[in-house]
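**Q** Here is what each chain is made of, one letter per residue.
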Amino acid sequence: MGTSSVAVPARGRRGSELWARLLASPWLLLAPAAIALAAVAAYPLIYGVRASFHAYRYGRDVGSAGLENYRAIFEDHTFWTALGTTAKYVALAVSIETLLGLGLALLVASQLRFSRFIRVSLVLPMTVAPVVVGVIWRLMYASDIGVVNPLFSALGLGKPNVLANPGSAFLGVVAVDVWEWTPLLFLIILAGLQSLPQEPIEAARVDGAGPVRVFFDHTLPLLRPVLMVAVVLRLIDAVGTFDQIFVLTKGGPGTATQLISTYSYNTAFQFTQYGRGMAMVVSLLVLVLLLTIVAIKLMRNAAARTSS
Amino acid sequence: MDVRYERASKSFGSTQALAPLDLTVPDGKFLAMLGPSGCGKTTALRLLAGLEQPTSGRIYIGDRDVTRLEPRHRDVAMVFQSYALYPHKSVAENIAYPLRLRRSAAAERDERVRRVAELLGIGGLLGRMPRELSGGQRQRVALARAIVRRPHAFLMDEPLSNLDAQLRLQMRVEIKRLQRELGVTTLYVTHDQIEAMTMADLIAVMRDGALQQLATPAELYERPANLFVARFCGSPPMNVLDGAVEDGSFRHPTGSIPLPGAEIRGPVKLGFRPEHAEVTDHGAPDSLAGEIYVVEPLGNETLVTVRLEDELLNIRAHAGFDRPVGERCAVRPAEGRVHLFDKDSGEALAKPGERGASSAGHAATAGI
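Chains as they are written, first to last, in this note's numbering: chain R, 1 to 308; chain E, 1 to 368.
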């Protein structure tokens, strides 16, 4: 944008100077992004919070409901189940992703052969849109044309029909999340590993530490701040998982894969209980906010302890 | 235990960091590896620690071939230039770490940590974290971590280079005393010739990955094996003049210096140290004519720079030296204190009146 002032034709020096000043003004440059952000983030958020305090009948706003929506979800057994499932889903997916990401990053950082190839191929899943990821995996899980069933039976493990049974469906959606998001953790952790100071690790090796001791005594503690950032980022993101679940199972079978995101979607848009759906989302938002604040506080402490 | 490099070399890709090195450090001795940065001295140290694998050759600690051993199986202790303290561990935990890895009893461990900390004057810092320490204190912690156990060898990689001048002087003395007390074979890497000269029993001068000379400090000073060693050791460095030997005298455009007993003839480089020459009156016999260029009084002595045509010579003079800048004068090297070097290779030639001086440096270890 700044360069367009050059293109202004001879409209008099004063005019072009004014243009240049106007175009160079930071507020003007920020305005489009700020407006876009307000439109897609701030407005829906405010609208959603407001909606959670209103009552809806047949999809129409019929006035303020006070805390009625919150009371309703508090007494809604399914809401608590969905909250529990969300917690389980996030905990399981993020721990597997962290461990896998850490393991892969350690392998690549130790100058494994083909590490460039591994790096590129690991990043690919992140570039695929979540809905598409869901579709791809639904095809793979499909009982008739999928690859998962033949693969399992070839290994003599029978035909799992992953998405048809409550237990395996839950693991199935977790597996999809792991497939898509392990690369993110891998990349962040790899960057962290490569920026670790080498001398303390070399000192430990000379002092008598083997690879395992070096990892647990030094690499892991030194890596902790980076690890915390990566995990918190992923946690926040995982809580809002919707696309893949919606495409794969729509929360089923039963409520086996019903997360707050899908349950609130159903409540709001299938049963037109906009207020109650919004109350669920807002509750979740507050919960995540609190968890994040605690996590950041923990991170600050950890960082303060190790920084030199 | 003695430490031995046998034709040990190291290349990184196509760059040779260390040419095949043959070097023995006798048991209990303090060897300084001295050279400018990039001369291969740190690489040699890291090969011994096991942090790098030699491209060829072997390394022995005592009778044990450690060439392919992991660092932890070599039982050496290393002090890094950056101290390499464990940032997430307290001072006490840092010092205790090597003992902890050797599963020593907790009570004994605490006792040894306390003793070592007191020895180095950091007894009051045991509960602190490394980031709360000054550079000198970190240096002491790193040293304490090395001496808390009795390794086969101490490896020190420029341990004093990050300290201020005052502290460096103090630590130099302490490390030297500690090494003598503990009697552990020590390899000490430095680019500071004063550190090497003052602390070491033996000095290995390195350049471009190759060993130039291995000798005692006195030997190195008296009989440098080549021009590089001659100019690198000593401050200010040795004066070197181009000229030729004819009829038992060194001829230079500004004068001639008698070389009694010189057997060679033809072009050479002549070197003499600043302390082995005097500034005399213009026209004095056996001297080189020039003029006073700069006079720097240091209190205990005076550094005089004399200009001969287009060359500058450094001369150490007595404290009261007082000649005005620009005055015509002459420089007379002390008899028997000049060194001759080959004009092209820079190798030392037999000192006037001596035989085989150039090989004396390499043979010096035999006397240790």
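Fair warning: there could be bad hints in the mix.
[To be verified] Rough simulated footprint, nothing fancy, chain E against chain R, three-plus residues with beta-carbon under 8 Å: (1) 70-83; (2) 217-227.
[To be verified] Here are the in silico distance ranges between beta carbons for each label pair: (3) Q194/R - L182/E: 46 to 56 Å; (4) A105/E - Q194/R: 51 to 61 Å; (5) Q111/R - D208/E: 55 to 65 Å; (6) G13/E - L99/R: 27 to 37 Å.
Derived from the structure by calculation, the hints contain no laboratory data. Glycine included, every Cβ here is placed at the ideal spot set by N, Cα and C.
**Q** Hint by hint, say whether it matches the structure.
**A** Results for each hint:
{"no.": "1", "hint": "70-83", "result": "violated (count 0)"}
{"no.": "2", "hint": "217-227", "result": "holds (count 4)"}
{"no.": "3", "hint": "Q194/R - L182/E: 46 to 56 Å", "result": "38 Å, violated"}
{"no.": "4", "hint": "A105/E - Q194/R: 51 to 61 Å", "result": "39 Å, violated"}
{"no.": "5", "hint": "Q111/R - D208/E: 55 to 65 Å", "result": "28 Å, violated"}
{"no.": "6", "hint": "G13/E - L99/R: 27 to 37 Å", "result": "35 Å, holds"}
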